[in-house]
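Q: Read top to bottom, the protein sequences are chains V and P.
Under our numbering, think of the first position of the first sequence as 1, with each following residue one higher.
Under our numbering, think of the first position of the second sequence as 1, with each following residue one higher.
Rather than coming from a laboratory, the hints here were simulated on the basis of the structure.
No incorrect hints appear here.
Residues from chain V shown here face chain P by an in silico Cβ test under 7 Å; the list is partial: (1) G25; (2) E30; (3) P34; (4) S173; (5) L186; (6) V290; (7) E303; (8) I306.
Partial list, derived from the structure: chain P residues whose beta carbon lies under 8 Å from chain V: (9) P134; (10) V179; (11) A182.
Calculated pairs, DSBU-like style, for lysine-lysine (alpha carbon to alpha carbon, straight line, at most 30 Å): (12) K115(V) with K163(P); (13) K217(P) with K188(P); (14) K40(P) with K14(P); (15) K265(P) with K40(P); (16) K217(P) with K265(P); (17) K163(P) with K17(V); (18) K76(P) with K40(P); (19) K14(P) with K217(P); (20) K17(V) with K115(V); (21) K265(P) with K14(P); (22) K188(P) with K115(V); (23) K47(V) with K163(P).
Note that the structure is predicted; figures quoted are calculated from it, not measured.
Cβ atoms here follow ideal geometry from the backbone N, Cα and C, with glycine treated the same way.
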Amino acid sequence: MNAPARPNDYTAYPDAKGRFGDYGGQYVPETLMPLVHELDAAYAAAKADPAFQAELAGYLTHYVGRPSPLYFASRLTEHFGGAKIYLKREELNHTGSHKINNCMGQILLAMRMGKTRIIAETGAGQHGVATATVCARFGLPCVVYMGAVDVERQKPNVFRMNLLGAEVRPVTSGSATLKDAMNEALRDWVTNVHDTYYLIGTAAGMHPYPEMVRDFQAVIGREVREQIVEAEGRLPDAVVACVGGGSNAIGLFHPFLNDEGVKLIGVEAAGEGMDTDRHAAAINGGRPGVLHGNMTYLLQDREGQITEAHSISAGLDYPGIGPEHSWLHDVGRATYLTATDAESLDAFMLLSRLEGILPAIESAHALARIGEIARDLGKDGVVVLNLSGRGDKDVNTVAAHLGRQI
Amino acid sequence: MTKSRIDARFAALKAEGRAAFIPYVMAGDPDAATALAILKGLPDAGADLIEVGFPFSDPMAEGPPIQRAAQRALAKGMTLKGTLDLIRAFREGDQATPLILMGYLNPLVTWGFEAFARDAADAGVDGMIVVDCPPEEADPLADALEAHGMALIFLTTPTTDDKRLPTVIRRASGFVYYVSVAGVTGVKEADADAVAPHVERVRRASGLPVAVGFGIKTPERASAIAQVADAVVVGSALVDEVAEAVDLNEDVTRRVLSKVNSLAKAVRFARRGLTAV
Ligand SMILES: Cc1ncc(COP(=O)(O)O)c(C=O)c1O
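Full structure from sequences and hints, please.
A: What follows is the structure in structure tokens.
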């Protein structure tokens, strides 16, 4: 596609049809159309309702533990010898990642809509755990769809969800990973239209999810704006985040979209390398198409069949990306880099040793590029990296790659 | 040509005073040659129109039977182009039976709507059902199909209320599909009494014939629906026959066509109060 014109106001999107330029939309079966319209109207009303926003803010403060700190990583900065590196500590949130920001917003909306049953999809299990957590907190039944392959490789999170009272349904259809879990959740929703709320875990899917999830995650970027001005007296030169479906990244980027002096950098999972077909980089290795209700960059074959994503990180193992990222890429406002499994493992080790923080293997993808970014910006520069989750869940994976038994 | 084949067929059936029977088969299931043999046998087995599924990796509105059929077809290398080849081969021997392709949007996006519409019309396709392309997103595809004389057939469902119905049928042509259950294909069962008022509502609003599908598996159920609808669609029950015949090492074509035969008879005689034999 041709590069579309840059807009005057990036925050004016999506448009009334749920579009970010050519991307987004509502490509869902007719049975779901009335439901997504209902959700769209309910979210618009909640967004404009100060009482809803105040309730959400209260839970974010007292239950999630916000604001999360912005931490100057002095040893990491020294190590690379470039720009000052700050870490936004989303891994300190309750349940250990940014996912809870979105779950808290959506569960309050679901209750406001009178829904009595929650379903979700999960890959690594982080979104499943966050969903199970808010369902336990508000006493709603919760069904989490999870690819059978992921159930095997993320056993501790499956057990956590069970402890929280959620039912985890392994999905064996298709490739039995995250995209299939999402298909199965959509099938559940089509079947249980009257009482069920589908709590999507990333800024993808049909409108209004990309907008809504972005808004709930934008608390990250809003806090960063205030915190960095307090620490440095100015905006950062760049902000950096890993990109799976793109929720932590868009939450960080969004409050900076109209500040053209702030570079927005997303890092996709390159798996075994971009010269192989075993990666999960939708923008760097895919092309636009329609899946799960939206037009966006997708991994697909010549015939338009969706291909499997591959990444060491189950949370980035998705063949698509949220539509706003596809648009920001096309208009040139954001830049999307990649990091391989091996580079991310190295970054995981580096942060653990230098700063005493075990990053989620997802977040480690962003860390894998931070050295180059910091050096490019130079010593006068300031960069903020979103540490989207903590790495405790990944110690088995890391041990296996190090050839260690634990 | 093309769309007029659908209109002509429904007009003829109306004159006969009976509903149409529309079997759904998946292109390339269990393989291209067998799928073609089934396709060729369908009109004689009692199919009035035919729906041909083109496989997609992520069929979000499909239950397990059609999901597995798509997987079998993809595993055998079936593509959208291969599907059009099947249609072309079928058309060599049958110029009268309307053919509707049913599937998901992404393979069409990949092909390009305009080029696809031209090639599909040329192969002998009369209409399209695209499950994940609701009316709000349909204009580009509808324009391309219309330019080549093909119908875009829209789905209405139990959740399509009176307020929404005009949006759904705005560009409808050929016929309108009523999805008789809120759910995926091949799981819940359709109830003729519950379906009847919806069919009437859609028929009155659209002025088009209404086909009912999703949840019809037996001749008894097909007969009951045929008394209230203009067409009865059966899909999952037929692809299940393919799967079972493959499992039992039976003649797939014969088994599927014999099932089609019993369903078609049930539909044909439904309004005469006769039972299917
Ligand atoms: C810690 C962490 N970061 C990032 C992601 C990727 O999701 P997103 O791109 O939506 O932020 C996940 C997903 O599971 C995650 O658990």
